[in-house]
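Number of protein chains: 2
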Amino acid sequence: MRITFGQMKAQFENVLLKAGFEVERAALCARIFAENSRDGVYSHGLNRFPVFVQMVKDGYVRPQAEPACLEQTGAIERWDGQRAPGMYTATLAMDRAIALAKKHGLGAVAVRNTNHWMRGGTYGWQAVAAGCVGICATNTIANMPPWGGTAPRLGNNPLVIAVPRQEGPLVLDMAMTQFSFGKLQEYELKGNSLHVSGGYNSHGELTTDPAAIRESGRAVPIGFWKGSGLSLMIDVLVASLSGGRTVSQVTAEGTEAGVSQFFLCIKAENLDPAISDEIIRFAKSSPVGAAGEEIRYPGESTLATRLRNEQEGIPVNEEIWQQVLAL
Amino acid sequence: MRITFGQMKAQFENVLLKAGFEVERAALCARIFAENSRDGVYSHGLNRFPVFVQMVKDGYVRPQAEPACLEQTGAIERWDGQRAPGMYTATLAMDRAIALAKKHGLGAVAVRNTNHWMRGGTYGWQAVAAGCVGICATNTIANMPPWGGTAPRLGNNPLVIAVPRQEGPLVLDMAMTQFSFGKLQEYELKGNSLHVSGGYNSHGELTTDPAAIRESGRAVPIGFWKGSGLSLMIDVLVASLSGGRTVSQVTAEGTEAGVSQFFLCIKAENLDPAISDEIIRFAKSSPVGAAGEEIRYPGESTLATRLRNEQEGIPVNEEIWQQVLAL
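The listed protein sequences derive, respectively, from chains A and B.
Heads up, the first sequence is in our numbering, so the first residue is 1 and it goes up one at a time.
Heads up, the second sequence is in our numbering, so the first residue is 1 and it goes up one at a time.
Simulated from the structure, these hints should not be mistaken for lab results.
None of the values given here were measured: they were computed from a predicted structure.
Where is the CB? At the ideal position from N, CA and C, for every residue including glycine.
Just to be clear, a hint being listed does not mean it is correct.
Said to hold, decoys possible - Computed beta-carbon distance windows for the label pairs: (1) 190(A) <-> 203(B): 23 to 31 Å; (2) 72(B) <-> 99(A): 17 to 25 Å; (3) 59(A) <-> 72(B): 42 to 50 Å; (4) 71(B) <-> 318(A): 53 to 61 Å; (5) 73(A) <-> 51(B): 37 to 45 Å; (6) 72(B) <-> 318(A): 55 to 63 Å.
Given these sequences and hints, build the entire structure.
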């Protein structure tokens, strides 16, 4: 079943208005959820929407709260998100980082006490649309062990890097686990093995069996010890710069709320477009490993999916769509 | 065989003076090479020194060249490294990013046409010593295939993230290949297998055999498709922001010279030290996977090695040390 972007956004908007959102904020959050599904990130679009509404009902997300700037030092600001909807605060923070970058060449906003921003890539696309390089990161609840350990002590801590480009921007949106738990579940439900090891089984052996990893709770970080280090550094950056909660503190609360984030922009109106084109051309000039394989730049698939879903409608899980219609 | 930091630095200094370096610049470059060995990064300390001197003799590194600022926009600057020694230019660039951060809250310098900075971590330690968060990256010659491809089209493109901390800063210094070619060679010489897959063999299968990877030239990026994307993005960032050479162009020249780099600092004098302490404490609170395993934060081993080598002397490969004495 496919529905249009307009239908999906309108329905989200109705639900959010009923949940206590003001008109403008309902429109913004509905747009972001619908865009996430339109761009193929279904896990943080329609499929996540009922969970988000429940978080609002449970009081973890405060629909009317207004983020506040705590401190300004030249081109960098520190904010408190006041547990407002994460997409709303992230959009404001990236807008502010863009404005600071336009004025100072670069600008940044660190936000404490905010909420899940859904798809991090959203704010990368926002930065490039404004002619800026955008870099942002968030911490999360603990969901993987540090290198050498067996119990979850590190967050997924997604990192986003986006660079403007005429024919389609480069947008990397990357969590620190090799496979998210959602992805492991997807493989498990289809009865498929992972194509590379995604974690350890309960005997401490690397495995491509998604069920064994979900059972042991030992997903591996990208690059093993390297991603373990990068995840920890992202937590240090977002929490220290914002004065906000760490992965440890978010985890202790038991619900992924009140997280810390960081948004950085660099004015990029005068970048030479030939440079990123040359980098993409060179990457694509490699022979492929097997028939049908493709070499893609970060953001390429997103744009292709967006165009297809705009033409054909957005594919939806009918059960979840019915659930949202009933909200 | 072990020698003191002072002995090593003095010998490097003598050689650089003979190679046409001015007094101050010889002292700076000698200090960085000696510090790299002292901190346990032998591959970019003593072991690399003869190669560096040869690069100078061959004209790839210009000992007397002076980097120039091409453009300043508020808190960000663009420089041309003029192919001066990479460690010299990187030190100047990070110093300038520190000064910009002290003034604007954050600051950045993009450098084109520079040379290999040896150990990236050097400039992370420099930033934290000045009370700043430091982030820097460089591109390199192509040495791994992009995800889906089989021929080298991506650089190692190290990324450094450093955050000040009283009891020892956090310094992540991470290349984008799971194992560097130097590391593969080390395993191969000792007849050891890698502990996780490091690349593909010539049949296109993931392997822990270092010789098979060196033969196929197909090292894997950290996190497979993820590190492939991150490496490409780092190339786009450093080359676009500096207006400098891409991995493709450095590779076409055939020698790793004239690379592009980026240095970013954030003023971090008021960070709450309890935050990074809490993150480290939480990571270390995980049970370990096997007896003898340890959970460490980025930078922890470096500091331990530094203290040991300062007390006991720096272990050196005697053959290379003799070679340097004869330079």
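We went through each hint and held it up to the structure:
1. The given range of 23 to 31 Å is respected by residue 190(A) and residue 203(B), whose C-beta atoms sit roughly 27 Å from each other.
2. A beta carbon spacing of about 20 Å between residue 72(B) and residue 99(A) agrees with the range 17 to 25 Å that was offered as a hint.
3. Under the hint 42 to 50 Å, the C-beta atoms of residue 59(A) and residue 72(B), about 48 Å apart, fit the expected range.
4. For residue 71(B) and residue 318(A), the Cβ-Cβ distance of about 55 Å falls inside the hinted range of 53 to 61 Å, so the restraint holds.
5. In this structure the hint that residue 73(A) and residue 51(B) lie 37 to 45 Å apart at CB holds, the actual value being about 42 Å.
6. The supplied range of 55 to 63 Å is met by residue 72(B) and residue 318(A), whose beta-carbon atoms lie about 57 Å from each other.
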